[in-house]
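> One letter stands for each residue in the lines below.
Number of protein chains: 2
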Amino acid sequence: MDLKSYLPKKQEVIDRFLKNYLAAKKVNSNCPKKLYKAMGYSLMAGGKRLRPILAIASYETAGGKSKNIIPIAASLELIHTYSLIHDDLPAMDNDDFRRNKPTSHMVFGEAVAILAGDALLTEAFGIIANTPAKPEILIKIINELTHACGTRGMVGGQTADIIFEDRKIKEKDLFYIHTHKTGALIRASVLIGAIMAEAPPDTLSALSKYGEKIGLAFQIIDDVLDIIGTKEELGKSPGADIIKGKNTYPSIYGLEESKIKAENLINASLKAIEDFDLKAEPLREIAKYILNRRN
Amino acid sequence: MDLKSYLPKKQEVIDRFLKNYLAAKKVNSNCPKKLYKAMGYSLMAGGKRLRPILAIASYETAGGKSKNIIPIAASLELIHTYSLIHDDLPAMDNDDFRRNKPTSHMVFGEAVAILAGDALLTEAFGIIANTPAKPEILIKIINELTHACGTRGMVGGQTADIIFEDRKIKEKDLFYIHTHKTGALIRASVLIGAIMAEAPPDTLSALSKYGEKIGLAFQIIDDVLDIIGTKEELGKSPGADIIKGKNTYPSIYGLEESKIKAENLINASLKAIEDFDLKAEPLREIAKYILNRRN
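Chains as they are written, first to last, in our numbering: chain A, 1 to 295; chain B, 1 to 295.
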């Protein structure tokens, strides 16, 4: 199991699906080109495709073998991209750069950026509903996804993140923000892959735990990298969290303690799937990668 | 068939569902109260519930008898409300008032308004996925809805509406804007009711035509009311379209010709369902109401 070749291979599969999706829509639709350009600009901005890859790796871990996981996995990238576009808006985090490129509203204006985000969120559910799979499985996936992305998940976490800016908060509130703003969609990505593979309850439960742990670890490492990363590595200026008065793990626990917390979470994620066979190797390697990544 | 008693009765059913939905979520979730408040503020701001009522009326026309249409119908109001919140934002139409109340961003700030819209859109699909009905029917409904609300529908139309502001456009572009920005969700509301009732293809096709015609007529009348309506009737200042440089039917065809076009569309909508029995009376009355409404 070599993650260095695994990740680009899966990225390519997702990128190809997304490119075809954008091209096909363009033919089928007479909607303004600017909307498509804005959607494609952010969707193809060089994302790591972590969430889709987690869904595929989880699907394969649970014994899934069909190509139908690809649209499901790709839909997670639409959701992730929508959340980044809206998060970068002036009224939200007010970020000018992401992945070394100007953010959507810097290029297309705020109105089109808002609408591109709305379109990506809507179309994600359209892609899922169009996937050739058992309807009851697709409904389960949509259930899981709306839970992870709505008030009880990502949007809830993003709201708390914004509301609590420049305010000293309790540890439990920071835990809420991180597990919801970032953790919920990562956990759901893992879970959705397993649901698509029709995994039995104990497998679902182990993978859910794995996803929960790596999801929180991912955001803690994000917080850490915002302090120790370089502009080249991050694709945006480091130190942004401090300037914005964001509550982060390092701001509450310090840098070293935050790293230890992330490491413990990654160890717990590996423990959750320790009884799984070799098919789970990609998930194990991804967990380690999340801890050691530089961007 | 008395529409004056029919509409409030159905409005009450939808309002009750939405109230329970908001209350239940609050218990189940520890998400920031401000997000819930913002969602509830706009959701319970006294909307006409036209889209949910169309779905119910269409469902009953097609012989549907279960209460399971209610969550499906209510989800349309979440989508409609999200589109209004985002549409009112400073970067979009920049409206301070709607339904005689300050708009969401005036009360909760831009960031929470954006997030409340995102949450409503996401939760709409969650409500549908949680409705006790055949999964294959729910998937069909989600398909129809994403088609009507994404790039090929509402968001496409909203983007064109914004892009074309202050520019003289062709008749076909105005037709595109109106049929997509407003028409698509109204048509989908009618169609989704019929899909939920498992209507046969010829019924679906007649109701689709009905929905298409009343959808465009609805937006033309909106344009007309923006000129001839009073602030009390509209719940916002009339003349906003002219100030914003919006392309409208009156701006291209004049007031009288626009009214005639709306009347012709309503007649065509009635013709599309002329072979239907008495169960279609609410749909017929709603079509006439759309033409003669004052707000």
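Treat each hint with caution, since some may be false.
Which copy? The list can't say, so a pair holds if one copy fits it or any two copies do.
[To be verified] Capping the alpha-carbon separation at 30 Å, the derived lysine-lysine pairs in DSS-like fashion look like this:
1. 209 <-> 33
2. 34 <-> 140
3. 140 <-> 19
4. 67 <-> 134
5. 236 <-> 279
6. 168 <-> 48
7. 134 <-> 33
8. 33 <-> 231
9. 101 <-> 279
10. 19 <-> 209
11. 288 <-> 37
Everything labelled a hint here was simulated from the structure, so no lab data went into it.
> Taking the hints in turn, state whether each one holds.
Comparing the hints with the structure gives:
1. When the C-alpha separation of residue 209 and residue 33 is checked against a cutoff of 30 Å, the pair qualifies only between copies, where the shortest distance is 27 Å, while the shortest distance within a copy is 42 Å.
2. For a Cα distance limit of 30 Å, the shortest separation of residue 34 from residue 140 across copies, 29 Å, qualifies, whereas the shortest one inside one copy, 34 Å, does not.
3. Both within a single protomer and between protomers do residue 140 and residue 19 lie at most 30 Å apart by alpha-carbon distance, with minima of 27 Å and 25 Å respectively.
4. In this assembly of identical chains, the alpha carbons of residue 67 and residue 134 lie at most 30 Å apart whether taken from the same copy (14 Å) or from different copies (25 Å).
5. In this assembly of identical chains, the alpha carbons of residue 236 and residue 279 never lie at most 30 Å apart, being 35 Å within a copy and 60 Å across copies at closest.
6. In this assembly of identical chains, residue 168 and residue 48 lie within 30 Å of each other by CA distance neither inside one copy nor across copies; the values are 32 Å within and 43 Å between.
7. Taking the shortest alpha-carbon separations for residue 134 and residue 33, neither the intra-copy value of 34 Å nor the inter-copy value of 37 Å comes in at or below 30 Å.
8. In this assembly of identical chains, residue 33 and residue 231 lie within 30 Å of each other by CA distance neither inside one copy nor across copies; the values are 32 Å within and 36 Å between.
9. Within a single copy, residue 101 and residue 279 get their C-alpha atoms no closer than 36 Å, and across copies no closer than 57 Å, so neither meets the 30 Å cut-off.
10. Taking the closest pair of Cα atoms, residue 19 and residue 209 never come within 30 Å of each other, the shortest separation being 32 Å inside a single copy and 34 Å across copies.
11. In this assembly of identical chains, residue 288 and residue 37 lie within 30 Å of each other by CA distance neither inside one copy nor across copies; the values are 35 Å within and 40 Å between.
Hint check: violations occur at hints 5, 6, 7, 8, 9, 10 and 11; the rest are consistent with the structure.
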